[in-house]
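Number of protein chains: 2
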Amino acid sequence: MTFTRDTNIPFSRDSLEQLLKRRFFYAPSFEIYGGVAGLFDFGPPGCAFQNNIIDVWRKHFILEEEMLEVEATMLTPHDVFKTSGHVDRFTDWMCKDLKTGEIFRADHLVEEVLESRLKGDKLARGETIKEEEEDEDKKKRKKKVKEIKNVKLDDEVVKEYENILAQIDGYSGEQLGELITKYNITNPTTGGKLEPPIEFNLMFDTAIGPSGNLKAYLRPETAQGQFLNFSKLLEFNNEKMPFASASIGKSFRNEIAPRAGLLRVREFLMAEIEHFVDPENKSHPKFQDVKDVKLRFLPKDVQEAGSSELIEKTVGEAVASGMVDNETLGYFIARIYAFLVKIGTDPSRLRFRQHMSNEMAHYASDCWDAELQTSYGWIECVGCADRSAYDLSVHAARTGEKLVARQMLSEPRTVEEYEIELQKKKFGPKFRKDAGTVEKWLTSRTQCELEDLSKELQENGKITASIKGVEGTVELDSDLIKIAKVKRTEHVREYIPNVIEPSFGIGRILYSVFEHQYWARKDEAERGVLSLPPLVAPTKVLIVPLSNSAELQPMVKKVSTILKKEKIPFKIDDSGASIGKRYARNDELGTPFGITIDFESVQDESVTLRERDSTKQVRGSIQAVVDAIKDITYSDGNWKEGTAHLAAFNSE
Amino acid sequence: MTFTRDTNIPFSRDSLEQLLKRRFFYAPSFEIYGGVAGLFDFGPPGCAFQNNIIDVWRKHFILEEEMLEVEATMLTPHDVFKTSGHVDRFTDWMCKDLKTGEIFRADHLVEEVLESRLKGDKLARGETIKEEEEDEDKKKRKKKVKEIKNVKLDDEVVKEYENILAQIDGYSGEQLGELITKYNITNPTTGGKLEPPIEFNLMFDTAIGPSGNLKAYLRPETAQGQFLNFSKLLEFNNEKMPFASASIGKSFRNEIAPRAGLLRVREFLMAEIEHFVDPENKSHPKFQDVKDVKLRFLPKDVQEAGSSELIEKTVGEAVASGMVDNETLGYFIARIYAFLVKIGTDPSRLRFRQHMSNEMAHYASDCWDAELQTSYGWIECVGCADRSAYDLSVHAARTGEKLVARQMLSEPRTVEEYEIELQKKKFGPKFRKDAGTVEKWLTSRTQCELEDLSKELQENGKITASIKGVEGTVELDSDLIKIAKVKRTEHVREYIPNVIEPSFGIGRILYSVFEHQYWARKDEAERGVLSLPPLVAPTKVLIVPLSNSAELQPMVKKVSTILKKEKIPFKIDDSGASIGKRYARNDELGTPFGITIDFESVQDESVTLRERDSTKQVRGSIQAVVDAIKDITYSDGNWKEGTAHLAAFNSE
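Line by line, the protein sequences are chains B and W.
Using the numbering used here, you'd call the opening residue of the first sequence number 1 and step up by one each time.
Using the numbering used here, you'd call the opening residue of the second sequence number 1 and step up by one each time.
Please note that the accuracy of each hint is not assured.
No distinction is drawn between identical chains; accordingly, a pair holds when it is met within one copy or between any pair of copies.
Keeping only pairs whose Cα atoms sit at most 27 Å apart, straight-line, the calculated DSS-like set for lysine-lysine is [as the list claims (entries may be wrong)]: (1) Lys424 - Lys462; (2) Lys240 - Lys565; (3) Lys557 - Lys59; (4) Lys402 - Lys455.
The set of hints was computed from the structure by calculation and includes no laboratory data.
Based on the sequences and whatever the hints tell you, model everything.
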């Protein structure tokens, strides 16, 4: 359903944010206690909108693609995130002003300070700053750098600054420290000296149980909970590959300095899919269905050449040319696009940006972000990464549990592999209670490790190893163990699946839809409208009796009863306010339809149906009007066809 | 829909738990890492079942009662829970064995040890222990007390033990310590001495932000987030009272020693309602609709007299007699009952138990728990408390924000109240930046406090106070402030609402439904059936082609397409297993309907519909069968009426 938006009012983020707060879509948490940065509560329309988006997501992905939904706990013991790499690498760099105690995120600080110096240089050179730049600048100054100083820089320095800013996401902590020293970057408010950057882990930590000894974290993503359940899920799926699991739930990141409202928060809702696939076959059975979808891509080579020009291609072309690594990745990119458009993002402000080699996680083999354009710039809202076999491999290695899938081979094949032979009779008595642990350790060695062990055994007549959970050094001599290359005929191929992961930040998507669908009516800046698609709008219908005369009440009741029966969410506004005011209030709430009940309704049981965006009205019987609403909202109908059988109506 | 369960197999918790694990309803979290007590993950059928229950809850309460849904953050700063009392009082008592490092929950340990001694006494006296007692006993011994010793006790001691066990929930830490000393209770495994009980706070703690100075907790209930948003919600509701807010989300309790599977966990889903009501008028407009509902009550006076005999009464009688405090509380009790029965709990194993005076929270004025009977005993699954004005009052006092509702008086009334008059001209310059804080402090004083301050001012010519956020002592002399009793005519009455809180532990309800709906077919202990009501069953339909012949595929596709269009969740089982095996698998998953496709289907497009509990079958066209499923599942239909238009079918 698209309507031309007849407006001459430019977008104002301030007005939108006021509206969202006034109508309690969301608000800072604990506001009466002064609030906490990066935490927000959702009020009734925010909740309903979010629930509807989740509902669409579940139908679009989980039901449509027959995914296996999982709900894992948020509390996660230290060992899991040690293995996944989060304990060591899920960090940002911060620097402290020891005098004031203030803490800055190092990369953001360098960025802001250099940007403000470049602005000052422009002013000093008598150049004007473009309006949008000024806006951007105002926003920033609200945060750290309070004023732009008119100071001219050497041409060389300008170039250096520009070069640094282009690479700002790629610096290590040490490099950031060097930049801070070299360019004399200080606390922007006091000019005070800053300590060198130190690493700050972004996971919230806690401890489980009364002893305090079991260190734990709040998960920063839902993915690990899905990987740990891989074997149970594969079994549930009758051992069939490929398959996908999915989780919807809260995750947590202890941001150093949250800003930009819902876009960077400390507690947020995610929806993540882990699609497990054979690394030797990443084709997708439904790729045909999406191959002609045209999308706008920003591949890494274009970015590396310093451009941000978008390339328009079909998904089929993108995969065929190798720009997108494989069919499964391409299939999900197209499905993500369809989802985002369905819930109200503007396709002309949506692009798929590929990660550059230096920004991609070390384990990923390809990664595309769905980015939405907002007043804060292009925002990553969905990540779609090929995580390869990284996660399953590291958890398997750490726990000694096999995390593999099996494929029946159409014809058997001969393989030559190292195998272990244990003298069980001697082995058991020697290791006693540790026998199980030692055996598990041995059977979980890779072929390369077995080759090494076999050499050690040959050269020294024994193997020595330290095994987690077993005290002291473990010794195995050739009486106990033999390791030899053995030829076997295999009927089954065993492999560690690769994972393709579409990961959705629901709060960011939600906020972007607000920006894409917010406008104000012509010449009336204060009459804001949120044109949320009917499918996801918090409330679908507002019932408006023309006056609060008792005569109209039975009809209000009648319409309510029918809407309730049809399970269409509605509200009644029988306040004394004028019809116009009541509709304006609901335009702000994004309610797509209004049913007006007047004195004629009492005579002939007809009502008026109003469409939010066009303010067009039609008239018909209650049931005909409700049918139209149902059709447009839930069955992909549009206004024109959905109301074709109703009479046009012009209000006096 | 009820069917007589034709079975001769007694309930076995072991078999049920094996089934739930085998079919991945849920499983211990991080199992490949050894697991963590009290944390569980939900697999696909568990997720779907839980989502369906939440969906019914949302419709039954939020939509039907027009509640305002809120989603507040789980991360909560220390100050909020300091005010609510959780920092000081949300604790259990634990005692430590310094030698082994083991930690015991004090009340549970005393209970177990004394119970096992009573058993030992019975054995020593040559009495037999009843089978259910033995079961109960086995369960316990699995945990701490490993064996029952045949030791006869003095008759006096037996009485003392029994008396203690009857009051075990009411002891303070000090009292538990005295019992441990007096009865020489030690570490049941080693006999080692225990340290005196110390308090352990059940909230998980963490810190927000990089400095680590902002101490925070994971919420142990969703309620506080709703109270803090009270004023925004009242405004959203156009200032109309009464109204209710509702939240669905995770909460966390760091249990000392979790046990009993899903019944006592450390991370759990709650659904909570906060119904805000005028303390002077707790009537409910829809009470008439429920007053004739008959329920089984266990009021406090019956319990205090040592009995647990249930009293059957209508809700109307319960409120009229004063047993249930007010209409709103009674209304919710009836609505809770309707919800629990709708999702599959057995009404004959459901009771409402009133809290006794000594177990009720200090702020509550009445509290009833919906308890469900399981193999673990009667389990509290829903609490329904009248929290009075406690929460809003303490948060208002702490923050200085008014948390009140207003009522237009039909006729104005005269009140005489203490009022403050400030000399603003002197006040501002004196306190400068603190002026706002001091003024806020003054205006948030109660009438009693104002009376005291007025006396102080009269006697000493000044007031002195220490005010949070202001350094040093604040002094106000009579030049700055006057406090006097003033007569005013009021047109509006201002009051702090009371709160009635129905609070649902979703995991406990879920598990109880499993126990109430699990059975095995006659003479076939291994053929478990989960008779989940169709409305909440994870999958509604299993499509079963008679063989995997290609000839049947088009019909499978046809049936799938229709079910997808009707948004009815289904699964296809085209594995090679026998029809019987395939149905048995789905009986375990609680799938209520099966559609069998055979070679006749290819001829005339008819299919067979099988009902899970009775295994009855009927036959008709695809559309007729799907209509019957829809009607029974979503429109409160039953098998008999829903399939009346279909032909009976007897399989060979």
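Results of checking the hints against the structure:
When the C-alpha separation of Lys424 and Lys462 is checked against a cutoff of 27 Å, the pair qualifies only within one copy, where the shortest distance is 17 Å, while the shortest distance between copies is 90 Å. For the identical chains of this complex, Lys240 and Lys565 are inter-copy neighbours only, at 26 Å across copies versus 41 Å inside a copy, given an alpha-carbon limit of 27 Å. For a Cα distance limit of 27 Å, the shortest separation of Lys557 from Lys59 across copies, 19 Å, qualifies, whereas the shortest one inside one copy, 32 Å, does not. For the identical chains of this complex, Lys402 and Lys455 are intra-copy neighbours only, at 25 Å inside a copy versus 78 Å across copies, given an alpha-carbon limit of 27 Å.
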